[in-house]
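Put chains B, C and D on the given structure of chain A with help from the hints.
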Amino acid sequence: MKWIATVDGVERPLDPQAVLDGASVVEVEPGVYSVLTANGASIEMRVNPAPGMAGAWNVGVNGRTHAVTLRDPRERAARGAGAGAAGRQNINAPMPGKVVRVLVQAGDAVEAGQGLVVVEAMKMQNEMKSPKAGTVAEVRVDAGATVAVGETLLIIE
Amino acid sequence: MKWIATVDGVERPLDPQAVLDGASVVEVEPGVYSVLTANGASIEMRVNPAPGMAGAWNVGVNGRTHAVTLRDPRERAARGAGAGAAGRQNINAPMPGKVVRVLVQAGDAVEAGQGLVVVEAMKMQNEMKSPKAGTVAEVRVDAGATVAVGETLLIIE
Amino acid sequence: MFRKVLVANRGEIAVRVIRALRERGIPSVAVFSDVDRNSLHVRMADEAVGIGPALSSESYLNSGKILDAASRTGADAIHPGYGFLSENAEFAQACADAGITFIGPSASAIRAMGSKTAARKIAEAAGAPVVPGTSEALRDAEQARQIAATIGYPVMLKAAAGGGGKGMRLVHSEAELAGALRDASSEAERSFKNSEVYIEKAILRPRHVEIQVLGDQHGHMIHLGERECSVQRRHQKVIEECPSPLVTSIPGMRERMGAAAVLVAKAAGYYNAGTVEFLADDSGAFYFLEMNTRLQVEHPVTELVTSMDLVHWQLRIAAGERLTVRQEDVKWNGWSMECRLYAEDPDANFLPSPGRIQQLSLPSGPGIRLDSGVYPGWTVPMDYDPLLAKLATWAETRELAIDRMIRALAETSIAGIKTNIAFFDALLRDHPFREGALHTGFIVEFLERANTPGPDEDTAELAAAVAWLHSRSKQPVELPSSTQKSKWLEQGRARLHRS
Amino acid sequence: MFRKVLVANRGEIAVRVIRALRERGIPSVAVFSDVDRNSLHVRMADEAVGIGPALSSESYLNSGKILDAASRTGADAIHPGYGFLSENAEFAQACADAGITFIGPSASAIRAMGSKTAARKIAEAAGAPVVPGTSEALRDAEQARQIAATIGYPVMLKAAAGGGGKGMRLVHSEAELAGALRDASSEAERSFKNSEVYIEKAILRPRHVEIQVLGDQHGHMIHLGERECSVQRRHQKVIEECPSPLVTSIPGMRERMGAAAVLVAKAAGYYNAGTVEFLADDSGAFYFLEMNTRLQVEHPVTELVTSMDLVHWQLRIAAGERLTVRQEDVKWNGWSMECRLYAEDPDANFLPSPGRIQQLSLPSGPGIRLDSGVYPGWTVPMDYDPLLAKLATWAETRELAIDRMIRALAETSIAGIKTNIAFFDALLRDHPFREGALHTGFIVEFLERANTPGPDEDTAELAAAVAWLHSRSKQPVELPSSTQKSKWLEQGRARLHRS
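Chains as they are written, first to last, in our numbering: chain A, 1 to 157; chain B, 1 to 157; chain C, 1 to 499; chain D, 1 to 499.
These aren't lab readings, by the way, just hints derived from the structure by calculation.
A couple of the hints might just be wrong.
Derived DSBU-like pairs (lysine-lysine); straight-line CA-CA distance at most 35 Å [to be verified]: (1) D:K4 <-> D:K331; (2) A:K129 <-> C:K193; (3) B:K98 <-> D:K331; (4) D:K266 <-> D:K121.
Here chain A stands alone, though its shape is the one from the complex (with noise of 0.2 Å):
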């Protein structure tokens, strides 16, 4: 079966069982794969979910690990870049870590690159700024609220 398969951005058409056709491939570790390529080549690959995304992998090999997705071409392509609404943008946490700061209220106005919000995690502070001017549609988290990556902290329209 055809699939499509984004590696560190690139899209291309898969088939994954010719791809594997000849190899021997054993898991020889939990997610920890042991490819002898149909020429002879020893190949090690750790494939690990990537946190939070359904159908997105991480693959590591040689020491880096490359981003991947599998997608069944038949599935609806388009997901939807945004939350929907054309304007409104969500501000989602970086990494996870704790709320230090709040800098809005909601229905503030911000300028583009304006401070929103510092979260902090491992003894740094990372502060999310405003990636437009626009006014604060709604804000979802307190100072001192333990976040998870991703999640949205506020949203700006």
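Here is chains B, C and D on its own, set in the frame of chain A:
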């Protein structure tokens, strides 16, 4: 509840909940327990099932391994030391390996200490000797067979 | 020697100290915050005491709780590791008052070197070269402007109580000065509860070279040569090496720097292990920067090259033993390099990446030293710094130490969180790095010139196919529609059934 | 240097060589038998070629298949490791004939040293001391009786083609002689397809001390000092160290042994790495035993003390480079000790224990070198020797190297199979061992005096309770009848739910 525990051959009554009371026990890796005892000692215990024996565990502590069995005292106490029929004695494989030579046939008379069968693993041959004078009642393996640890090779009576 | 030693730290350095204690037959006591119950240092210690919430100020930085844990467990000495209470003079004094040996320098030596401005005065008085600038905290922006005009731009603003790059600002022109001073000062206040900032001439493209010193309580002090730690990101060291490519290229430089470092440390009445940091330029000129009055994160590279064990010596010196090594006995053999493996995402501006380690493979073999604080299945907490492990290599030459590191990194895999392993792999292959053309802005320039190409066609295809196979195997078995039975599928499936 | 190197071995030594190749940027080719598809050396190599069934004679010992794999993959050199084809002169010659570099000595040097009797003659001619006895294979029991009467009992019978203790018998009196000769001869025939046996005076309580030599193809040869390998079981080394406690206690002994070893090796036209084995007694007298014409299992202890990488040198020498190290450049620094971790059961007469490794924890930190061929989840096959990994420590002194080893062993856990880890722990605490009072019968005597006490009350009780907890957690949850909720149970269960 009370149990009967055997540790390295020494039997003792055991109330595991009483022993663990006040301690903190966390399975930090599969089968690996970090124990903080009530008096503050940090002890790591590695529990693995003893191959081929239900209710028997190997527990590694500080680089040493202790053989532990647990028995509910309400169970029948003795499991019978032999295979039932008095005088019959099973000769079991002491290690996993391959049978390289069978030195006797069913019906042969054997002396105590006489070689019966040679098992090889890891380039080491181990000759199983008869524990007593008697007759070979049964030979269960042929040369070339692969045997598991504890598997009965032949029976002397 | 000691009856029992409490290790007032966590992570890899706590593990490092516990190992040394075990090797000397001394029982160890770990302390842990609520989120560290399952940490490796707790597993490895002989005893462990919970000391409260994740927040450092209520646990690892709380000297009362630490001292209480020591007295409850009967520990007669405390090793502070680095960070946390290691450079806290009050804590060292409180230990002394409680009759507990602080494994480090005296409280007065920590105090003398604790303020960068005071340390600068001591260094100047001892005759060590210092960067032109103030030894005193700046009163205000006007004073800063006057001094900057005298020493000339660019200038560097630095927190007097600082460390780790917090409260530092590089200022290129007068226009930026007032704002930078305000930022540095408030960052210093937040980080160190001390807003004092001083000013120095900025050395452009400086190299960070530091001297390890070691002295006993009987007045004998030696240096163990230099480490070069120029490869930094946001003023945090990332790669360290011993010896320094710069110092080895300039005759006599090690001896001059070593002598200066010993002078400064002696002037402060220092004993135990310490590090005197210098800025250096490519001509071999060097300037006293500050002294770290504790064991350094990067001490392994010095240990590998000098064959001396600094933590063992810390224990012996703290117990009052004489340092039996003379300066002329110290030999530097080969080359060592250390990479700090961090839980961070190099592809997203090095943001922290705490979380559960799903799979872990660690390197070994010849010339490898690993100081790790993690294990498979452990959840790296978000509450502390992102250092997971230090990977050091030793080899006869710098080139081989680098190639050995590349080999070791390829054996290393930490899945479930992001790490900087691939970043190191790229950096170690960088031509200027291999040439030893280092400076503290190295990484910024490297990131500009580095272009990590995507995977080649075959690798990309194979990675996707294996990800597909993996996704199949983790679901209720769903056979591919192909009627052909290929070898890989059988083997893969056989294996999965077995495990 | 080479285009590509095939490693004709498996297990930890194949991994060791692959690592060195990677460090030098040379692609590696692994070979594997059917039961080794999942082995670590296959995972780590750049390419891998299947060479047939588990039986060594049809795979790792089959020179035709190995050479075929080399030519198919375009390898221009073969590293044989130790064991298997490493001391097979015909294989070395076949490599040469095929235009492939054999990374080791010449076929003629292997041949010269391959027969113990021939080697003995070379050693005698070169002026090295040899044990009184024959250099020729014994014709019959009558000849053996005559010679034994001349040199005096006890005598040792040895297979001419032997190694690893196979075909050896110690004979205390004439009455035992004929039977022992028959046994030794048939064992030699089985093991080496050569029944020849010779006779020597037995040195009582001898120490096994060997000299590492290294020579290039241009006539330059040096020695890297000694290793003491007296701690043996069934003539297999178990613990090795560098330097030797004996040799360090006798002035000039290293120099005398080293000179003798170089003489012998040169007389055989030797180059590359090799080891000249001696028996020694406590007076410092030593006798040539045999030469191993390959890399030795225990080479890491020499590497750790001399800072030289023997495998890198093997590659460079095989490629025709000059050995640039002079004898006077060789320095011995500190002390190193190695434990061979075997899959065997010390509590059941050291029977082999192949099987699946269910859980694996390996040691790291300062002064630790681990050369391992295993990983968690791997099934150790029953077909090859039981060596899992070599654990070496380095420290400034022998005492600290031992204590560090004890520390490292405590960090090591290999679950699912039996290993000799606990045996080492007990041996390293043995007083005569710590005194360095070693001889080749050391382990037999140690096992007689060793009494490993059972666990103390508290440990036994706790171990049983934790086993109980584990047994509960692995079954469909079955709550204990107690109404009391204790802390450990909650935590244990919480953890189990999470993972």
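The hints, checked one at a time:
1. D:K4 <-> D:K331: Holds, at roughly 33 Å.
2. A:K129 <-> C:K193: 27 Å, holds
3. B:K98 <-> D:K331: 48 Å, violated
4. D:K266 <-> D:K121: 14 Å, holds
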